[in-house]
Structures are given as C-alpha cells and as structure tokens.
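A.B. asks: The chain contents come next:
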Amino acid sequence: MTDHPAVAPAPQPTASLPDLAARFAGHVVPDSRPGYTGWIVAADHLLEVARALRDELGYDYLSSLTGVDYLPQGKMEVVYHLYRTVGGPGLVLKVQAPRADVVEVPSITSIYPGAEFQEREAWDLLGIRFTGHPDLRRILMWEGFAGHPLRKDWHEPYYEAEAKPFPSRWPDGHYLSAEQRAPLGDNLAYPATFDPSAQDASEGDAALYEALRRAARDANGTALETEPLLVNLGPQHPSTHGVFRVAVLLDGETILGLKAVMGYLHRNHEKIGERNTYIMNMPYTDRLDYLSSMSNNFGYALAVEKLLNIRPPERAEYLRVIMAELTRIANHLMAIGALLNDLGAYFTPMLYALEERELILDIFEMVSGARMMCNYFRFGGVARDLPEGALDKIKDLVCERLPRRMDDLERLLIENEIIQARGIGQGVLSAADAIRYSAAGPLLRASGIPYDVRRAEPYSIYDRFEFDVCVRDNGDIYDRLLIRLDEIRQSMRIVQQAVRQIPDGPVLAKPLPYQMRVPPGEAYGRVEGPKGELGFYVVSDGSPNPWRYHIRAPSFINLTAFERMCLGQKVADVVAILGSIDIVLGEVDR
Amino acid sequence: MRASVTRDTENARSTMYGKGIIKGLGVTLRRFIETYLDDLRWWGRRYGTREGIAHRASKDGRGIFTVQYPEEKIPVPEEFRFLPFLVYDELPTGERRLRCTACGICSRVCPPQCIWIVRAAYPDTGRPKPEPAEFSIDPDLCMNCGLCAEFCPFDAIKMDHEYELASYQRRVLDLTRLAKSAAYYEQIRPVNAARENAARAAKATARPGVTA
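Protein sequence lines correspond, in order, to chains A and B. Numbering-wise (my numbering), the first sequence opens with residue 1 and increments by one. Numbering-wise (my numbering), the second sequence opens with residue 1 and increments by one.
Simulated from the structure, these hints should not be mistaken for lab results. Because the structure is a prediction, the values reported are computed rather than measured. Where hints are given, some of them may not hold.
[As the list claims (entries may be wrong)] For lysine-lysine, the following BS3-like pairs were computed, each having C-alpha atoms within a straight-line distance of at most 25 Å:
| # | chain 1 | residue 1 | chain 2 | residue 2 |
| --- | --- | --- | --- | --- |
| 1 | A | Lys395 | B | Lys59 |
| 2 | B | Lys180 | B | Lys203 |
| 3 | B | Lys203 | A | Lys510 |
| 4 | A | Lys393 | B | Lys59 |
With the sequences and hints as input, model every part of the structure.
C.D. replies: As structure tokens, then:
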C-alpha cells in the first residue's frame, strides 16, 4: 500500500459507533429485540438519516439491502448494512412498515445508487415498493408473475411441506417422484384474475425497452431526434458466461443505454434456504458461485456461528483460510482465462490458467471429496482433517509450481499489445462511482479503493497474516486483469504462511446434531470472496429452519455498475467489460 | 500494493512493435518443446501409467498436462464422493446383514430429501424392527453432499467412488442396487474404514454383550 489515488478522503468520525438515537431524536430508535442490533429508522426520515450517515459520518458504502417478512408480527422490514470504505464495523439500519399487499418504503437510490438492483430484488421477491426508484421492475422473476415468492404466505408448488425434513420420507417412505406426489396447482394459490395461458411475454420486454429508452433519453438529452438501434446480446450468447441478457441502445456503435436482464437461472435459492434446516444449506451455498464454493461455505458458516456464538478451533481456522485463499486463486485463474477468451484470445490463456486451477481442484477433491461442490465447512470447524499428503501437495503447489506458472502467465499476457489496446482506458469505473454503485472486490480495488474485508473488518484469523491489499488506479479492463494477477500472488503469500504455521489439533469445536435449534436473532456474516464482498444475512426465530436467509451476492451487485462502465463505449466492448467484472450466473440469479 | 507490472498509459500505444506478442509466443513455444523433451526423458512411461499421470500434475511437470480419458483415468482420492450406498457385513453363516437400522437420520438430514425409508416391523407384534424394509434413493435428486454418510451413527451409509453412471433411463436406487459389502467399503476407503472399525471394536469391548 503506497500512494493512494485522488479520492475525496472520507470524513473521520470521532466515535466508532455513533449514537444515532441522540443525533436524530424521535426518528431513530435502537433495535432492542433480543439478538438484534442496529437502529430502526422512521420511514419518512430514512433519506435524511442516510444522507447524514453518508456525508457526515462517512458511511459511504451500502453493502447490503434486503427485506424480511415478519408475518406473525404483521410487519415488513427493510435492512440496510452500511460500511465505511476506510474500514471498521458496519451500521445496520432498519425500516419497518405494516404488512400489506404493497408495502411502500422510500428508495435510497438517490443517495446510494448501488441500491438499484437490490431494491428491485426486494420489490420482486418481497413486494416492497420503493418510492422514487428510477426503474422499479421485477428483476429475477418475469413481469406478470403472480405474487412475491419470498413472502411467508407464498407457497411454492411441488413441496409437500413448508419446512424440511418432509414427513413422507421416514418411517413410511414409499418412493414417489415429485410429479406423482404434488402435481402443479395442488398447493399453489393463483389470484382469481391470474391466467397463466394469457400471459404475454412481450409485456416485460416492452417495459424493459421503455425503461432503456427513458434512461438513455434522460442521460443523453434530445438535441437531435434520431432512431437509436436496440440490440439484445444474449440470453444465449457464449460471452455472457451463462444465460444472461443485455439490452443495449446504440447510436451507430456507441452505447447510449444498457440494461442487464437476468433471472434465467433463478431458482429462489433463498426460499429453498428458508425451507432447509441450517446444516442443509451448506451444500446449497456451494451452488451459488460454483467456482468458489469454499468461500461461500465460509460466509455462511460465519453467519450461523455468530448466531450460535461458537468459534472453530485453531487448526480449523487455518484450514479455512488455506481453502478460501486457494479458492481465490482458482477463481481468479478462471476469471483471467475467461476474460481473455472474451477478448478473442482463443483458448491458450484459458487452458494455461485451467491447468493450475485443476491442481487446486485436485486438492479440494482430496480434502473435501468434491472438486467444485466442496461442502467442506461446518458450524464450528470443518468437516474433516487433511488426509495424508495433502499438506505437501499444497506446499508444492503454492511454494514451487504456482509462482513459476504465474510468471509464465504474466509473460504471456500483460505486454500483449492486443490486450493493452482492448483493455487500457476501456470500461472505466471511477473511484467515486465504484463506491456509489457498491462495487466490491477486484472491481472496487482496480478503481483505486483499497477496501478488502479481510483488512477492513478482519474475520477468522486474517489479522495474523502478512499480505497487501492490492489496488490499481485506473479502473479499466486492463487494471481489472492485472489486479487479479496481483491478488493471486497475495493469496499465495497467505497460504505459504498458513501452511508453515498450521498447528495440530481438532478441526471441529463440537459435533453438532443433524438438526439443531439456533438462538433467535440476526447475523450478518461477510467474507472477502474472490468476486467481492459475500454476505449472508440470517435471521433465526429459534426453530430448526432459518426465518430469513439472504445472500449479498457480489456478482449480482457488481452488475449495478455495468451500465455506468459501458456508456459511451463501443458495443464490442460490452463483452470485454462483462468479462472483466467476472460474474457467475449461479450467484447473480440465485 | 504495486506489483512487478508497471504501467505507462502514455507510452502503451507508442511501443507497439509486436514485442509483447512475440514474448507470448515464446511462452507457448517453450511449452510445446518441453512436451517432447519430457516424452524423451520418460520414454514411453509418461502415458497410461499411474506415475506418468502423477508426474504431469506434479510440481516438476512440464509440457503436456492432458489426461487421455478414457484410456487413462485419474485415480480418485479416498474422500471422493458420489452417490451413497448401504454397507452390509457378511456374517460367518454367509448371511448378509445391513448395518442400517432405519433410524431415519440420513433421510432427515438430506438437503434435497432424496432418501426414502420404510422401516421394517416384526410380523407378529407389529413393533418397529431396526432394519429397512425399503430404502430408495433418487439419484436425480441427490446432490452428492455426503451429509447422510457424515451423520450416520452406524457407519451404514457411505459415499461411493463409482462415477461412470450414464444410463438410458431414470432409475431409483433400491436396496438391491444400494447394498455393497463392507469389504468393498474397506477397499475404496481404507483409512476411514480402519478408523471406524477400531472405534466400533473399542465400543464393543466397553459394552460387552452388544455386538457391533
């Protein structure tokens, strides 16, 4: 960490956690429910409080925004997690509103534009209408979908019960397939006016194109009336890394407006998570960002451990860090390879990167039993100790083979003129915009903000390791490529230290039963995942299943800044810019 | 942090004489040549042998990396998991006795709920008998997470190593397909089996009269 680029320094507040009740008397009260923290803000004063927090107290980064349906209490709640990009603990704000068909809460997109997609998600899944939102359409479900699936009174078809384990499996578990058991419609209530066969798919498209044209008109003015060209990239397009669609409005080749369309891989992971017991969710988290399952495990384990108030033993902490950093290396190799593919470097860089990634996956397979769906973390530790020979394999890889191979990869890529021409100065995201749009991870750090959860609010044992928070200044595609190479080297440093220091001992604090009750309360566990800040917001009501299980998905929220990066660029750059964000659709669509 | 790579935006475009591309081509050319050098050094033992596969993926491996599946197969590690199976012990009489007691823990911890168990009953009294009458696993639902094996208190359900499972139809695994011998389990997971056998033996000596 040397010279820091020119970013307006965040104001340094005196107290670490300000007393908001005193500052905003009457509008803000502390959340006094047992197991809860933070402040409850009156809805009509939300904007005023948020603006003061951002401008006066330095909470410039909106990490997570989500809603909770407290059905028994007849309330809906919107939860905001705010942080300072200079580091330190966060602040939790909550806004409550009486439960109704449509709950209205003011939108904070004018203060934190990074809330745009998250508010759309809360509207889509929970039916919370954010007044003042510039483009409040559904985001994961399709336009015309009946109901809001994450509401507790919305029942999903095909499932015989609202909570697992299902009673039909034991002791009289005669096998019946899901289709035989619960035909569509049996436990699903459509509104009286809803006719699925009458649904018109073009309705959503019309709203999308209208929103796109409106945004482009507002941004570009209407000096000369020409007809811009509307182009859809995807959803079936090889460079979208999955099923992802981008609608762009073009003037010639120049992008006037852009809207990302997602949800093609949506499976309502959070609803599934609320039906599961706590331990059942662990393998499901593998399937979020399926390239870095160990990191996903880590975040979820941290959140539930906060609720259970347990800590893993020393050896387990080291194993967690080793696995999380190996995941970061594997993910960044994949990201670099895929980005180069998107730039047209057909497969040589991709396969060079994949070779080393394979070796990391070999280690995962040895340790956890699976290459990608690791399911390795448990509450209070990890599933099993390293098998014979695994530690040597890790040492050989990170101390000898990887450094050499990374030199090779750098020689192959970074001076290449084509990569420089396609990357330098393209898709720029300024430091101020990166914060405003809640960008996280390499995207934020490539824009000059040295913010890394491992340093800003150290979790696990990251405070024991020597490593640098990588930062690059230009915020373009080329810097986002370089920063991933830098981060691989830093992760190797951490693993090298960890394999030297790892102590002997147990790897699980205490074996937990297959089903357990978790004390009521809320917890937000966040880790620095390879793609950015990965957060798990878990609310327990004391039953064996979580009441609310929300994921702050870095790929999803990083896409909020996608439009900003693309405006004024050529249409061919969209593919490269998307590649440089590094998304995984399993996490975007959840 | 500033890494070894420095960046001069001003000059980036002016220094384009193809140096970067030639350097990159040099990297790929070296890899190409190293493959043949290694082939010579190993003289035929590089492909189709366990050591050859291990060497290609080791820290000293250079050149080609690819494994020629299905002619060559990477040996799977002990912890590798795929679908679950049920372990039976062969009694001296030749009878096969499943370790499963139909306690239902696996079916209740299973995240996608793909395990169905019918508990057996004594025909005369109708009271539950500690063994399964039916045991079905839907492999289309199974997510290979291994929680069933992890939480089974009787070492009765374990994860298999078999991964070539392509078939022409959907099928449900029932008791005939699921049951595999303890000898097979000891063969695919020797370290785990030895540890569990020792733990069961210790338990049996601590409580004589209760057979493992």
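A.B. asks: Taking the hints in turn, state whether each one holds.
C.D. replies: Each hint, compared with the structure:
1. A:Lys395 to B:Lys59: 10 Å, holds
2. B:Lys180 to B:Lys203: The given pair, whose Cα atoms are some 24 Å apart, holds under the 25 Å limit.
3. B:Lys203 to A:Lys510: Holds - the C-alpha atoms of Lys510 of chain A and Lys203 of chain B are around 20 Å apart, at most 25 Å.
4. A:Lys393 to B:Lys59: 9 Å, holds
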